[in-house]
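Per UniProt numbering: the sequence shown = residues 1 to 351.
Honestly, I wouldn't trust all of these hints.
Unchecked claim - Straight-line C-alpha distance at most 25 Å; calculated DMTMM-like pairs for lysine to aspartate or glutamate:
{"no.": "1", "residue 1": "140", "residue 2": "169"}
{"no.": "2", "residue 1": "92", "residue 2": "76"}
{"no.": "3", "residue 1": "213", "residue 2": "150"}
{"no.": "4", "residue 1": "192", "residue 2": "116"}
{"no.": "5", "residue 1": "143", "residue 2": "116"}
{"no.": "6", "residue 1": "198", "residue 2": "151"}
{"no.": "7", "residue 1": "210", "residue 2": "150"}
{"no.": "8", "residue 1": "143", "residue 2": "185"}
{"no.": "9", "residue 1": "231", "residue 2": "207"}
{"no.": "10", "residue 1": "140", "residue 2": "97"}
{"no.": "11", "residue 1": "140", "residue 2": "194"}
{"no.": "12", "residue 1": "86", "residue 2": "76"}
{"no.": "13", "residue 1": "201", "residue 2": "151"}
{"no.": "14", "residue 1": "149", "residue 2": "207"}
{"no.": "15", "residue 1": "213", "residue 2": "151"}
{"no.": "16", "residue 1": "140", "residue 2": "65"}
{"no.": "17", "residue 1": "86", "residue 2": "97"}
{"no.": "18", "residue 1": "143", "residue 2": "65"}
{"no.": "19", "residue 1": "86", "residue 2": "122"}
{"no.": "20", "residue 1": "231", "residue 2": "194"}
{"no.": "21", "residue 1": "106", "residue 2": "116"}
{"no.": "22", "residue 1": "106", "residue 2": "65"}
{"no.": "23", "residue 1": "92", "residue 2": "81"}
{"no.": "24", "residue 1": "86", "residue 2": "65"}
{"no.": "25", "residue 1": "210", "residue 2": "185"}
{"no.": "26", "residue 1": "192", "residue 2": "81"}
{"no.": "27", "residue 1": "140", "residue 2": "88"}
{"no.": "28", "residue 1": "140", "residue 2": "122"}
{"no.": "29", "residue 1": "198", "residue 2": "185"}
{"no.": "30", "residue 1": "198", "residue 2": "169"}
{"no.": "31", "residue 1": "143", "residue 2": "97"}
{"no.": "32", "residue 1": "60", "residue 2": "88"}
{"no.": "33", "residue 1": "213", "residue 2": "194"}
{"no.": "34", "residue 1": "106", "residue 2": "120"}
{"no.": "35", "residue 1": "149", "residue 2": "194"}
{"no.": "36", "residue 1": "143", "residue 2": "88"}
{"no.": "37", "residue 1": "143", "residue 2": "169"}
{"no.": "38", "residue 1": "152", "residue 2": "207"}
{"no.": "39", "residue 1": "106", "residue 2": "88"}
If you're looking for bench data, these hints aren't it; they were derived computationally from the structure.
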Amino acid sequence: MHARIVRGAVRSAALAAAVTGTLTWAPTASAQPSEPTPSASTSPIETPAPDAGSIAITKKDTAGDVLSGAAFLLLDATGQETGRGKTDAQGKLTFPDLPPGIYRLKETFSGSPLHEVVADQDVIVTPGATARLTITDPFKAAKVLLQAKDDKTGKLLPGSTVNIGTGSDTLLTLTTGSQGTATGELPMTSRKTEFWVKQVKAPQGYDLYKPAKTFAAGPGAPVTVTVTNAKTSTTPKPDPSEKPTDKPTPKPDDPSEKPTDKTTDIPSDGAQPTPADSATPDAESSLLPEATATEETTPKTPTGSLAHTGADATPWILGSGGLFVVAGSAALIAARRRRTDSSTDDGPSES
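Start from the sequences, fold in the hints, and give me the full structure.
This is how it looks when you write it as structure tokens:
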């Protein structure tokens, strides 16, 4: 009996010992894996950094001149500022030590009141390389004011269309509005540019201004261009209220026709008429013998000749009258001589 008790006590003690040993080891065994080994803590793994790149800027204008003082801002892909700066006296600016990637370059100031800034642009930076950019700032446009005027009164005229350009290129077309003016902008390529202006449509009621005018303009500077027009000359139209007259307009006389003082009837045989008063030049012609009075006859017109007009009969009438006067005078003289001769032949009468 005693032996059984002893054996049970030994078994209980062994079981208790076994349990106690397990509880003591377990925490030690579980803690071993959680602690880093000395070698791992003293030599960490390092990731190699990629090669850096850069951006180099050269700043110019359209005339080829470098621009200093131009300000730029550089943003990364997330929109965070990576760098900023201004171009030097040679127009250059560099952004160094940039991780590879895509960047946004913004120009915030051109460095000159005559130039405009360029639009934003993306720049790709590659490992170990420099992205070189030449940025050209345009000149500011010239401000143009167009006026169309009456050349006499100076009144502003609407509806005038002009082309403005340089060389063989037309850069701007303007048409004056109701106020007789128009505005526009001319692109500039230098600090001073010569332009021409030519009118292609005149205001209503005015003649086209054909000559081409020239003017000079500068970047951002206002300039006024004036085109003058003369009124179109028109022939006055007849008044519709006036009624036409029924009287015909007399025609002018033909200068080739000569007026005649007398109308002479020409016989059908062509003989010229004898004036009635030329037959008896004076009172003594009645004493002439009948033979003497009829000795002279009127000359006849040659056969085959045409009848004369009244203008040609006048010299014949005058000539015929003259012949009759001469013939009458001769007959009178002859009659007187006969009387004298007869009285001489008879002699003195006997007493």
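Straight-line Cα separation of residue 143 and residue 169 no greater than 25 Å?
18 Å, holds
Starting from residue 198, check that the Cα of residue 151 is at most 25 Å away, please.
16 Å, holds
Next pair to validate is residue 143 with residue 97; report whether the Cα-Cα distance is within 25 Å.
44 Å, violated
Would you check the hint for residue 140 and residue 122, treating anything up to 25 Å between C-alpha atoms as holding?
The given pair, whose Cα atoms are some 24 Å apart, holds under the 25 Å limit.
Within 25 Å, alpha carbon to alpha carbon, are residue 86 and residue 122?
18 Å, holds
Does the structure keep residue 213 and residue 194 at a Cα separation of 25 Å or less?
11 Å, holds
Hint consistency between residue 92 and residue 81 [alpha-carbon to alpha-carbon, up to 25 Å]
Holds, at roughly 20 Å.
With the threshold set at 25 Å, check whether the alpha-carbon distance from residue 60 to residue 88 stays at or below it.
Since the Cα atoms of residue 60 and residue 88 sit roughly 12 Å apart, the hinted pair holds (cutoff 25 Å).
Do the alpha carbons of residue 231 and residue 207 lie within 25 Å of each other, as the hint requires?
6 Å, holds
Please work out if residue 92 and residue 76 have their alpha carbons no farther apart than 25 Å.
21 Å, holds
Pair hint outcome, residue 192 versus residue 81 [Cα-Cα no greater than 25 Å]
38 Å, violated
With the threshold set at 25 Å, check whether the alpha-carbon distance from residue 143 to residue 185 stays at or below it.
Cα-Cα ~5 Å, so holds.
Going through the hint list in order, the structure does not satisfy hints 10, 20, 26, 31, 36.
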